[in-house]
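Heads up: the protein sequence lines correspond to chains A and B, in order. Numbering of the first sequence is given in numbering that gives the first Met the number 0, commencing with residue 0 and proceeding in unit increments. Numbering of the second sequence is given in numbering that gives the first Met the number 0, commencing with residue 0 and proceeding in unit increments.
Chain A is faced by these chain B residues, among others (derived, beta-carbon under 10 Å): (1) 94; (2) 100; (3) 129; (4) 130; (5) 141; (6) 161; (7) 168; (8) 222; (9) 588; (10) 591; (11) 605.
Just so you know, the hints here were simulated from the structure itself, not pulled from any lab data. Ideal Cβ positions, reconstructed from N, Cα and C, are used throughout, including at glycine.
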Amino acid sequence: MALDILKNPVLLIAVPLLLAFLAVFLKKIDKALLWIAAVANAASAVLLAVVYQGMTVVELGGFKPPFGISLVLDEYSLIGVVVLNVLFALILLLSGKLVKQYATVLLVALAALNGIILTGDLFNLFVFLEIAAIAAYIFTAMDKGFKHSFNYLVVGTLGSGLYLFGIILLYNIFGSLNMFDIRAQLQAIGGAGAETLTLPLVMIFTGLSVEAKLMPFGGWVKGVLHKANSLVGTMIVSGYALAVLLAVGRLMDTVFQMTDAVLIAFTAVAVGTLIFAEASAFSKKNLREILLFSSVAQAGLVVLLFLYGLTVPAVLVLVNNVVSKFVLFTVAGRLAHALETDDIGELKGVFVKVPLVGVGFTVAVMSLIGLPLFFGFVAKINALVGLFNAGNVWLPLIILVMAVVEGAYFVRILTTLWNTGEEGEVSSRDNLKAFNLDGMKGLGVVSVGIAIVIVALGILPVLNIKQFFSVDFMTFVQQLLGGM
Amino acid sequence: MNFQLSVSLVIAGLFAASVLAWLLTKLNKALGAWVTVVASAAALTMMALLHGEIGSTVNLFFLQFTLTEYGWFFSVIMLAVFACVSFFNIYWMPKLIHPAAYNMLYLLALTGTLGAFSARDFITLFIFWELIVWASMFIIPFGKSRKASVTYYAFSAFGSLSMLYGILFLYHKFGSFEISSVLQQAAGDPTAAIVAFVTIGIAGLIKLGVFPFHIWLPQAHGNAPEPFSPILSGGLVKAGGFAAFLIVAVMPSYKAFSTNIEFLGRQLTMPLPNYALAILGAVSIVVGTLMAISQNDFKKLIAYSSVANAGYIIIGLAMAGGLSTGGALMHIFAHAIASAAAFLAAAAVVHRTGTTKMNELGGLIHRMPLTYLVYLIAIISMAGIPPMAGFISKWMLFQSMMGRGMAFIAAAAFFGSIGSFLYVFRPLSAVFLGQLSTKHRYVKEAPPLMMFPMILLSLASVVFGVFPNWVLRIISQVQTSVGLEGLTLEGTKIIASNGAIDPTLIVIIFGLGFLIAMIIFLRFPKSRKVPLMDQYTASEFIWTPELLHYATDFYAPFERLYQKAPRTETLYRTIVHKVSELGAFASYAFYSFKPGTVLLWVAIVVVAMLGGSVL
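Sequences are here, hints too, so could you generate the full structure?
Put into structure tokens, the structure is as follows:
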């Protein structure tokens, strides 16, 4: 009986939220509560994965959907939930003292991010997006980043507003706020009337793109992340990116019925993001700026894959990106904190001093650019094969050309950080700068641990052809109609 | 586990050896370097023994390998180069910033080449191809330049991702990844054939270093750590030859494309895509030769000579006939050995003197005579002069060019041959001949473990120049295995359409000529020595005597002819700048610290997306 309660995905949202409220009153132990929530969530998510038998729908308050809010735990959200909660625990482990007085806010963020991934209701998604965004506005102001947080706040509010406008129109058209119900209705009417959906879909896409950092909507990203410490950086780039992009994917799978013109418009935004962001990353010399632009580009790629219905490859690319960026941003933030700079030219040879961290960083980069024997390669091959099968021959070309650019700037980072000396001088330990890097052991161990996981997933062919999606749609529809 | 000798065992063994090399180097650097020596030598022996296994398929997890004749041929050359060069690793351990990583990556690069050459399906080929790239991209910055590695990676990635596009396109069309069957099917389908040819061809051209993708070669080979330059130049570029061989001989391109083309009233002898390859090869020869002549750093010079030689190889492969392919494959073999020997001699000089600048060296023949001999034999082979192996391959290539009536390409090839006399002589005379600088008075000859592989490689150049048919018989087998005609060999003679040569006879006559010249030299009075650095200019003191050293601006009058010509490097630098500018612009325009900018962009894009249809 106790185990049954623990198997309820609602706990992933409810426990952090409850502890957040408690933390307001019990300020002295707020960090302890944050830790309890993180560990409990991570354990709960793993438990859910272990006992997973098929799609679970949780009706909140006992109201059957589409009248009530439902949480959906299928393979798609299960992966999201596991990766999110485990990453959150690791982020917390490696940020330590950076939390300061933001424990409550982080608890709220954790609850909201889980909610974004799990929810099956459009308005509920809006609520969780807003909660997560507000938490983000607050904790990105850490380290005196007030101006950039304000920028984020203004733009984010606009985004949420547009999204709300879009779902209002959808409610008007379909009479329901449940994503799966809308999908059923769309399938019932065939493909007709997609033109009426143009306005709501554009509103929803734009609204989510602001949070998902696509160009040109994500203009807040540079300000917020270019001087972010490892806690803020990883939360936005790993946690938020994962949740928001999974939500985008969910919506594209259920609600998006696009005309050709709309599909072209959205593709243009995604491809534009990919091209401009990679070029921007290429032109920068600061580690955090390069990484944030790389995240934007990967977000564009993931959205592109979702647009063409390639949900499995998109999830693989997304998970690869999020896990790699977690390692990269943590290292970048910690190096910047310790050495007061993240200009690559100043960091020549830094990995000679912290080789474990260097190995973890290197493996994460190699997975990100999709080199074989790493997980990123599996993701990339799946994505490209999927695009070819969808009949598209130009998108793979663009993706591969931008992959060259991406590889170039990442290799620039790697070769600079592992070697010393100016151009024309042999790289040697003699001209190594004296870096003051203490306390990086824990980071080293965790990065190498993740590196091992990445290599294992890349070598074992488990994920090569695995079908993630076995959502039994008819079963869900039957459950759904039970509420009518 | 099945321990029967097979390709997968060799590859798995090399993977294990690379990890072992890393671990042991952490304990004792020399021991770790010895692991690379033993591992490459063992792999070479095993691959030689595997000649009998040609045709069988083996698996390693989800990777599939099959040994073909041409794969075996390329693998043995690669392994020979890696095994010989590995002896130098022992001496470079103290000089490298990351010795453990170097040893591990050295063996991983070797694994990559073997895996690529014995791959059965395209995914395996791609995986090991990329393994070569990322293993070597970490080693190159251990030398003098970090930018060289970025350029190397950018070009290599462009090539391998272009190949990936081709692979996936073919998979989408034919539903399979298996190399020989997919390529043969592609030969029957015009669109697939041209996509395969262009994408895989680009990968091969980039890896070989053929114009216009040659600029990474001198940067990477010239700046890599000394023991790795021979690997890059003698070994890894041959992987490009392998890719080119796939599309030209395995596909094969003369079956895929029409050969019935008329141009200016004459019938072309090759399909148009093959012509494109041959023309690029010809330009490569000219560019490589001219750039080599103007170099002052002798590693960069040998690297540019690799560009020129890549041109010869690609011309031979493009012509896809019996003699021409044989010439190209022989040239791959001869150039691998000669280039490896030349770079190893350079490494020996660096080990003893610490510099590669030609105007700081001189007269080393007195202190390092064996190294001089190794270098001399290597450059004679690269220039294509008998009695070395390089002459045989060049002869075969010239014969086939003339036989096909390709006059302009032959003219470029001849120009390259003559130009190569110029550039191979310069380092020889600047570094080894001339007068010994005082700071190098006590330089010792290269240590015995270094001499051993250098002598081996020189012997190979000589022996296979005198008895080339030992190698040519194997090459003939390789050609017949892919359906090309073989070579006509009789005893020690090679027979072509325009005539035959008997290399053994040539060497005997050459030897006689040498003897006569020696007698004349000994009989006549000797020349008078003049101190080299003892210059004077109307009683002014010279602060920079090295500018007046005869090795500086050696070929100045000739160089002045093409000094103002545009360089390909400028083109690539411009492209890089433009991408950077685009990125900086995007960062400025879209990413501002003011909310207003983003709101404006949101408004514009939303209106654009709605396109007036709803409003």
